[in-house]
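Colleague: Using the sequences plus the hints, can you model the full thing?
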Amino acid sequence: MTSDPREVLSRPARPADFTLRYGEHPDQLADVRLPAVAGAPLVLFIHGGFWRSEWDRAHAGPLAADLANRGYAVATVEFRRTGQPGGGWPGTFSDVASAAVAVPDLLGKEIAHRGLRPVAVDRPILAGHSAGGHLALWYAAVAPDAVGGVVALAPVADLARAHELDLDGGAVAALLGGAPDRVPEAYTAADPMRNLPSKVRTVVVHGSDDTIVPVELSRDYCRAARRAGDDTTLVELAGVEHFAVIDPLSAAWPAVLAAFGTVTRGEADLAD
Numbered sequence: 001m002t003s004d005p006r007e008v009l010s011r012p013a014r015p016a017d018f019t020l021r022y023g024e025h026p027d028q029l030a031d032v033r034l035p036a037v038a039g040a041p042l043v044l045f046i047h048g049g050f051w052r053s054e055w056d057r058a059h060a061g062p063l064a065a066d067l068a069n070r071g072y073a074v075a076t077v078e079f080r081r082t083g084q085p086g087g088g089w090p091g092t093f094s095d096v097a098s099a100a101v102a103v104p105d106l107l108g109k110e111i112a113h114r115g116l117r118p119v120a121v122d123r124p125i126l127a128g129h130s131a132g133g134h135l136a137l138w139y140a141a142v143a144p145d146a147v148g149g150v151v152a153l154a155p156v157a158d159l160a161r162a163h164e165l166d167l168d169g170g171a172v173a174a175l176l177g178g179a180p181d182r183v184p185e186a187y188t189a190a191d192p193m194r195n196l197p198s199k200v201r202t203v204v205v206h207g208s209d210d211t212i213v214p215v216e217l218s219r220d221y222c223r224a225a226r227r228a229g230d231d232t233t234l235v236e237l238a239g240v241e242h243f244a245v246i247d248p249l250s251a252a253w254p255a256v257l258a259a260f261g262t263v264t265r266g267e268a269d270l271a272d
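Going by our numbering, the sequence shown runs without a break in its numbering and finishes at 272.
One or more of the hints may lead you astray.
[Unchecked claim] Ranges of calculated distance between the beta carbons of each label pair, as one might list FRET restraints:
(1) G108 to G86: 36 to 42 Å
(2) A102 to D209: 35 to 41 Å
(3) A58 to K199: 41 to 47 Å
(4) Q84 to D4: 26 to 32 Å
(5) R14 to S94: 41 to 47 Å
(6) K199 to D17: 28 to 34 Å
(7) R14 to G86: 45 to 51 Å
Because the hints were derived from the structure by calculation, they are not lab data.
All C-beta atoms, glycine included, are put in the ideal place defined by N, C-alpha and C.
Modeller: Rendered as structure tokens:
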């Protein structure tokens, strides 16, 4: 374990086995890491960074590599982000939706072409961290039949509240084009809190000491999801900050692995 929680953002990781392109834009692609077993469940992982172009999928390398070493096939999705042409509403969202449909199909074909061990590509697990957690929750709500489960790590689960708190200096307004009273249609379409129930089994993992995305967003989301009838579990980790949940070297990692086990193998629900 490192004393600097941000160290994971630049830590070298096992390179991707190959990269798939799901669109013509340079950022419409996904890095794939495969396990050494056949029939592995597929995880589509969406990285964080408050939807901004300053952050890309590279910092999710340690997480993706560790999951692959543990028997998951992992596709780390890239997408257009704010600060670049086409990023924000609706381009960021249409990219995630396109990737969720195209990447499993492309992966199945690529594996067959290369003669590699097969992967269970139908109804993949959708996972994400921070802003990526928001996008995972959002897509599960709009296309529940395409998703086998969701693991959301410290997600921005309530966009209206995140805007009110001014997370990352106006990140939500930059994503959606303004405040809720200015672009209400965007918030209605994009905010997971406004698209319940999702009808997708979901585990949210969030540290109580997260100062970047306050855990109150996940608490409120999970309460609302359960009231709406969803199978949603909150795993709140005492003393854990924002980046520990994507760090395989952190004390929080076993809880993250348990969350993936819950949604992929139907293990017993985690304690709330």
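Colleague: The structure should be examined with respect to each hint, and the outcome stated for every one.
Modeller: Hints, verified against the model:
The supplied range of 36 to 42 Å is broken by G108 and G86, whose beta-carbon atoms lie about 27 Å from each other. Here the CB-CB span from A102 to D209 is close to 38 Å, well matched to the stated 35 to 41 Å. The hinted range of 41 to 47 Å is not satisfied by A58 and K199, whose Cβ atoms lie roughly 33 Å apart. Range check, Q84 to D4: about 28 Å between beta-carbon atoms, so the 26 to 32 Å window is met.
Between R14 and S94, the C-beta spacing of about 30 Å breaks the proposed range 41 to 47 Å. One distance hint, 28 to 34 Å for the beta-carbon pair K199 and D17, holds here, with the actual separation near 33 Å. Taking 45 to 51 Å as the suggested C-beta distance range, the pair R14 and G86 does not conform, at roughly 30 Å.
Checked against the numbered hints given earlier, this structure breaks hints 1, 3, 5 and 7; the rest are met.
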